[in-house]
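Construct all of the structure, not just a fragment, from the sequences and the given hints.
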Amino acid sequence: MNSNKKLLGAIVQNLLLVIYAIFALFPLIWMVILTFKPDTQMYTTTFIFDPTLDNYKEVLFNSDYISYMIDSLIVSGGAVIVSVVAGVPAAYALARYNFPKKEDIAFQILSFKFAPEILVVLPLFMIFQKLRIYDTHFGLIWVYQLISMPLLIWVVRGYFEDISVEIEHAAQVDGYTWYQIFFKMLIPLIKPGLVSAALLAFIFAWNSFTFPLILAGTNVQPITVAITKFLGTDSAHYGQLAVAATVSALPAIIFALCIQKHLVRGLSFGAVKG
Amino acid sequence: MSRIQLENVTKKFGKVTALDGVTLDIKDKEFFVLFGPAGAGKTTILNCIAGIQIPEEGVVKFDGEVVNLVDAAHRDTAMVFENYALYPQMTVYDNMASPLRSNLYKKDEEYIKNKIQEIAEMMKMDYLLQRLPSQLSNGQKQRVAMGRALVRSPRVYLMDEPLAHLDAKLRNAMRTELKEIQANFGTTSIYVTHDFMEAMSLGDRIAIVNEGHIVQIGTGDEIYYMPCNEFVAQLMGDPEINIIGGTLAKSAKGYTFTMNAGGKAYELPADADLFAKFDEVGLEKVEMGMRPQHLKYSFEPKEGYLKCSVYSYESIGNKSVIVAEMGELQLRMIAPNGLTVKIDQDVYVDMKLEHAMFFNADTKEYVTRYNEAEIKSFAIRED
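Chains as they are written, first to last, in the numbering used here: chain A, 1254 to 1527; chain B, -15 to 367.
These are computed hints drawn from the structure, not numbers from a lab. Beta carbons: idealized from backbone N, C-alpha and C, even for Gly. Check before you lean on any hint, since a few could be wrong.
From the derived model, a few chain A residues whose C-beta atoms are all more than 10 angstroms from chain B [claimed, not checked]:
#	residue
1	1292
2	1331
3	1423
4	1442
5	1514
Listed below are the simulated DSS-like cross-link pairs for lysine-lysine, each with C-alpha atoms no more than 25 angstroms apart in a straight line [claimed, not checked]:
#	chain 1	residue 1	chain 2	residue 2
6	A	1437	B	97
7	B	326	B	303
8	B	248	B	261
9	B	326	B	280
10	B	-4	A	1355
11	B	99	A	1354
12	B	163	B	153
13	B	269	B	348
14	B	153	A	1437
15	A	1355	A	1366
16	B	99	B	45
17	B	286	B	303
18	B	303	B	153
19	B	286	B	326
20	B	153	B	11
21	B	286	B	261
22	A	1444	A	1366
23	B	-1	A	1355
24	B	280	B	336
25	A	1437	B	286
26	B	-1	A	1354
27	B	336	B	261
28	A	1437	B	90
29	A	1514	A	1444
Below is the structure:
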């Protein structure tokens, strides 16, 4: 009786999970199906159609798709690298040192994320024109700091605060210099936070649309902006659009899979008196 | 292997003064204990010696050389932190090896291996070497923290309550071990504790720290028998010393002490030095300090005994403590185990006055005590 009940519970539970999984994944499945449909069958078929690779051929070989991808990789990757190089020391300073207006500065950094991008993009456009960094990789990497830096600083700061300051003192007494302590003792401890924050920052930068739309255009075309080209004024190549979207989702997924093993928390627990 | 001196060291954290004009002179090879209540500034003293914190005023000297501007890495100290401060990403072995792998104190791996094995066996933790700190109990972590300090031969060991989290049996064993290690290595050691047993048994000399000041420095016996004020007297000893307020008056034979509570007058036993001191200071209001073991009690009425009632009776292992109450005054005394004592029953108390010490009732400072000369002769070591 009791075990029957348990079994029934397990079945219902799994059934619900399966339904939810289908519900959540269906848009993606639909997108992948579209990539194999010829334009002629786009509206007339659902699951049964004549699969074709024409869309892939068209997008990957007969357009500038690869160069858009490279642009995206450069600006998103560059933005994350700059954020890490500048953000980790900033996070350390905010966590460890006491200086006037510390909390105000931390809040100001966070506040960069408050305003909608569309609100600030016009003044930025003027500034970019003046500075002659409109439509350059540098310009986009710079403006992407608004997206990636606050996130990274706030996450990593929390990790630094979790590390007891006595660990640094102990390492000093052991005879290590500040740089050795930072790289040997602290970086391994903040790694889970750093990696997850960097991943999120990369995804946000990769998905950014407003900034590259307005602040770049011809020389630099990240994938989010370039995809719109597949929607012409006279014709909409949904198959090609689907291919472009599917392929552009891959780098973030690959990146996430690569660093998955670093996304473990709990290393720093238990080293100091709880 | 260093003489450590602090001269007039003042350390402030914002508006809070953690240390206020601390002056210490710790001799070479000495085992020096800093003892005081929580928040007294003991750890800050250690941090100033280690170079983790830089005092705003005053100088820290190692062997007569001012080290204020030498950073922590170059001071050649080894420190045991109160919260262990183990490196969580490293195994116990790597934690202990860490000081021997830094550029400053580098040793070859063969030496490190032997040294760690030796220390780990001594600390009875060689089976823990491959574990991570998160897999250790607090007592084990504390031993690792000790081990990490002991692998080196620094100028001074700084230990911040290194035994606080060990179980009682291990603590006693480690206490003996520590004393022996220090005697063998001959390294100057500064040891912070708030356990008076540890302070008494380990320290060549003890400094009592309170609210950022050094209250008294002396051998354990000196501080126990001749505390410089009531605060120190209450800190040293468990159960706590009894402080009995009263009035001194000159009498035909010498002096009488009249208790404030109950008004009973005691004829003080003759002691020429004591009376001479009383004559000299001419005090009236005094407080008498009586250690609990110097009180006698009886459950039957006795001639000359004070009538009190039992406030509490608790066993502390090999003996028990009776707290007797008379009006406002509470008296603690030592009793054997296994008595049938009822709360609020009558108890009759007498004092062995020949062990009394006297404090100024206004300033709470030590005035004098019985057998002062004799106690001085064995408690104060001149070397």
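Now for the hints, and whether the structure bears them out:
1. 1292: Nearest chain B Cβ is 55 angstroms from residue 1292 of chain A, so the label holds.
2. 1331: Correct as stated: the minimum Cβ-Cβ distance to chain B is 29 angstroms, above 10 angstroms.
3. 1423: violated, 4 angstroms
4. 1442: About 6 angstroms separates residue 1442 of chain A from the closest Cβ of chain B, which leaves it inside 10 angstroms; violated.
5. 1514: holds, 15 angstroms
6. A:1437 to B:97: holds, 21 angstroms
7. B:326 to B:303: Given pair residue 326 of chain B, residue 303 of chain B holds - Cα atoms ~17 angstroms apart, limit 25 angstroms.
8. B:248 to B:261: With Cα atoms ~23 angstroms apart, residue 248 of chain B and residue 261 of chain B stay inside 25 angstroms; holds.
9. B:326 to B:280: holds, 18 angstroms
10. B:-4 to A:1355: Holds - the C-alpha atoms of residue 1355 of chain A and residue -4 of chain B are around 20 angstroms apart, at most 25 angstroms.
11. B:99 to A:1354: The hint is violated at about 48 angstroms.
12. B:163 to B:153: Answer holds: residue 163 of chain B to residue 153 of chain B is near 16 angstroms, not above 25 angstroms.
13. B:269 to B:348: Given pair residue 269 of chain B, residue 348 of chain B holds - Cα atoms ~11 angstroms apart, limit 25 angstroms.
14. B:153 to A:1437: It is violated: about 37 angstroms lies between the C-alpha atoms, which goes past 25 angstroms.
15. A:1355 to A:1366: The given pair, whose Cα atoms are some 18 angstroms apart, holds under the 25 angstroms limit.
16. B:99 to B:45: violated, 30 angstroms
17. B:286 to B:303: With a Cα-Cα distance of about 24 angstroms, the restraint between residue 286 of chain B and residue 303 of chain B holds, given a limit of 25 angstroms.
18. B:303 to B:153: holds, 18 angstroms
19. B:286 to B:326: With Cα atoms ~19 angstroms apart, residue 286 of chain B and residue 326 of chain B stay inside 25 angstroms; holds.
20. B:153 to B:11: violated, 31 angstroms
21. B:286 to B:261: Violated, because 32 angstroms separates the two Cα atoms, which is more than 25 angstroms.
22. A:1444 to A:1366: holds, 24 angstroms
23. B:-1 to A:1355: holds, 18 angstroms
24. B:280 to B:336: holds, 7 angstroms
25. A:1437 to B:286: Roughly 73 angstroms separates the two Cα atoms, so the pair is violated.
26. B:-1 to A:1354: holds, 18 angstroms
27. B:336 to B:261: OK: residue 336 of chain B and residue 261 of chain B at ~20 angstroms, within 25 angstroms.
28. A:1437 to B:90: holds, 16 angstroms
29. A:1514 to A:1444: holds, 11 angstroms
Hint compliance for this structure: hints 3, 4, 11, 14, 16, 20, 21 and 25 are broken, all remaining hints hold.
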